[in-house]
Amino acid sequence: MRIKPQIADKIATTIFNIVAGILVLLLVFFAGYLIYRGKSKLNLDFLTSEPNSIEAGGGIGPPLFNSIYMVVLSMAISLPIGLAAGIYMAEYAKPSKVTKMIRFCIEALASLPSIVIGLFGFLVFVQMTGWSFNLLSGALAVSLLNLPVITRISEDAVRNVPLSVKEASLALGATHWQTIVKVMIPCAIPGLVTGLILTSGRVFGEAAALIFTSGVSGYPLDFTNFNPFDSSSPLNPFRPAETLAVFIWKVNSEGTAPDARTVADGAAAVLIICVFIFNIASRVFGTLLNKRFAGKTNN
Amino acid sequence: MVTTRHFFDKELEDLHQNLIKMGSLVEESIERTIIALKKQDVEMAREIFKDDDIIDEMERSIERKCMNLIARQQPLAKDLRVISTALKIITDMERIADHSSDIAEITIRMAKEKYIKPLIDVPKMAKLAKDMVNKAIDAYVRLDLELALSVCRSDDAVDELFYKIVLELINLMKNDPKSIEQAIDFMFIAKYLERMADHATNIGEWVAFVITGEHEHLSRHMDR
Amino acid sequence: MDKNLKLYTKDLNLFYGSTQALKNVTVDIEKNKVTALIGPSGCGKSTFLKTLNRMNDLVHNVKITGEVYLDGSNVYEEFDVVDLRKKVGMVFQKPNPFPMSIYENIAYGPKIHGIKSKSRLDEIVEKSLIASALWDEVKDRLKQNALGLSGGQQQRLCIARVLAVEPEVVLMDEPTSALDPLSTLKIEDLIDELKENYTIVIVTHNMQQAGRISDNTAFFLHGQIVEYDQTEKIFSMPSDKRTEDYITGRFG
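Protein chains in written order, with the working numbering: chain A, 1 to 299; chain B, 1 to 224; chain C, 1 to 252.
Hints listed in this document are in silico derivations from the structure and should not be mistaken for laboratory results.
We put the beta carbon where it would ideally sit given N, CA and C, even for glycine.
Hints may contain errors.
Per the computed footprint, the stretches of chain C lying under chain A, defined by three or more beta-carbons under 8 Å from a beta-carbon of chain A, are [said to hold, decoys possible]:
hint, stretch
1, 49-61
2, 108-121
3, 154-164
4, 198-211
5, 215-221
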């Protein structure tokens, strides 16, 4: 049966529109359902009180804080290293066997399962160092997870800067380094922001790698204590720090409080909302950075 | 090997053909005007006069063609020299044809009179001039430097004949005042023929320009 | 050395790996004149241009033998690359402004060479934009993104950007080939003004352009200079038949 080209075109357009619609619906449904199920817990009390494993009415304060702290810490570790590695691969590495080897390692690292990274983290960052479960070990483990991705995204973002722009800078008498810092990285910001969003979202939701590194406990915490060297201060990275995702896992599998179900649902809702907020905030930040660099546009 | 600018080369070919045609018309006008002069043929003279319009029209059309080529084809180097030379040559040729008409006019005016002397040197001058035109156009089309220079050299022979005729006519006038009117007419005829040769020399100079890139004045010598 | 020679090369050879792109190129570039480099595609003229400001250094496995001199000093041995590129600026074929504001584009060069004072930068930006005949069109929107300008304006911006570092030589690699006829003519007028203060070397595919704006012309073929002379002579009576064939468009 021969279909007329115009009809085939219409069919294809419709199918693509439907697929896009399905994707949107999926997201709305998925997120919406979870938020709906957890909506009873979306209040300040829930967000700030400590978890209670015996009675009802526990909250997610410390796990939420730990998650945010974890994102900040692991990004602080992996972003600079990943960016530097990406710049190296894009701008300094000469095509050679060594470079091929490096690329292979990066890709291999990227495909390791997170539970394996978690076990590695347990062995090195927990046992070998003698630190026991702590937030820093978790951040290190998650950084290992994210490093290859950030490196790849950075490398691509820098490579995508047009050669003409680089040439123009060099022809004006700028050194290679000046060109990278003043022109190439600012041009690459949109790509880098995408990398930032992807990887930080992953940190937020990571559970497998953190169970054996940052642990499944982490309170009581004294939120008025700002001394990072004190064991009860939330700012201390060397304490066990159960993140929100790990908390959800724990409550769902061994929740002993009577309202464990609702607590888990509420936590899940909060987690999703946090990811959305972070997503939007990063984009806004990226756009602002770009505007400052690029000047006003006519539109 | 086929070169590019096929269309342009064809246009240049057409230009050359037109110049050859105009050249042969001019040569013909020289020949016919001398025949008319010798035979005192008024009809022929009148025709020569009329046919000058055809030559004028040819000058205009070749000129248009050259301007067109310059505007549309952006000629450079040799192409430019060839086309600008064509513009110059047609002017000289048109003048030569004009002089033929002038001689025809005089023929008509002297029609009823008997000539005061037999025509010997005048036809000689005319033949030389006609040959010069022929060679000059040939030199242009074939880009033959030697031929072009030989045209310029031939001018000397024409000038000599001119002075010979003038001296003879002056003698005639001194001896017989009644012959003055005709003598003056013949002097004009001789002058016109001398001018035709000068124009042919100009054509030769321009042809040399196309080949060497230098335009030298080879016609006027001040050693008289 | 003849003080009218701004740049000259001696037996310059360039190899991309095992392919030879430039063969024994020896040429003088006169000070405060426009020198045009013409020739068919791939004949080496852009490659040659890039040896003058060492942009070829960016390409892998490039080997250069022979000498290039700027004001009598060897470009490859006696000059620091950054200093060289400050003195020898380059404008590219496709306008390539940075995706920044107009002001920042022009200020980029002076800034990386150490100028920090805002008033001095303002002065330089204005002076450069005036010199490249763009000031009147953009003086009220210096903070707007340069990519919002038209093609011709962008190219003039790139010229202003080069002028801002106060070079002595400006190299142009087919600067108007991507522009419409009016922008092209505006830039040609600009080049004519600039040659009073700068030495200009321009690569062009456009024969008529070379005829219009250059004082000297070099004809490149297969990496060699076939003929180099005053433009007037090359265009009316070239000495080499290959030059004549190229100029009159007779390729066989």
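Give me the numbers of the hints this structure contradicts, sorted from smallest to largest. 4, 5
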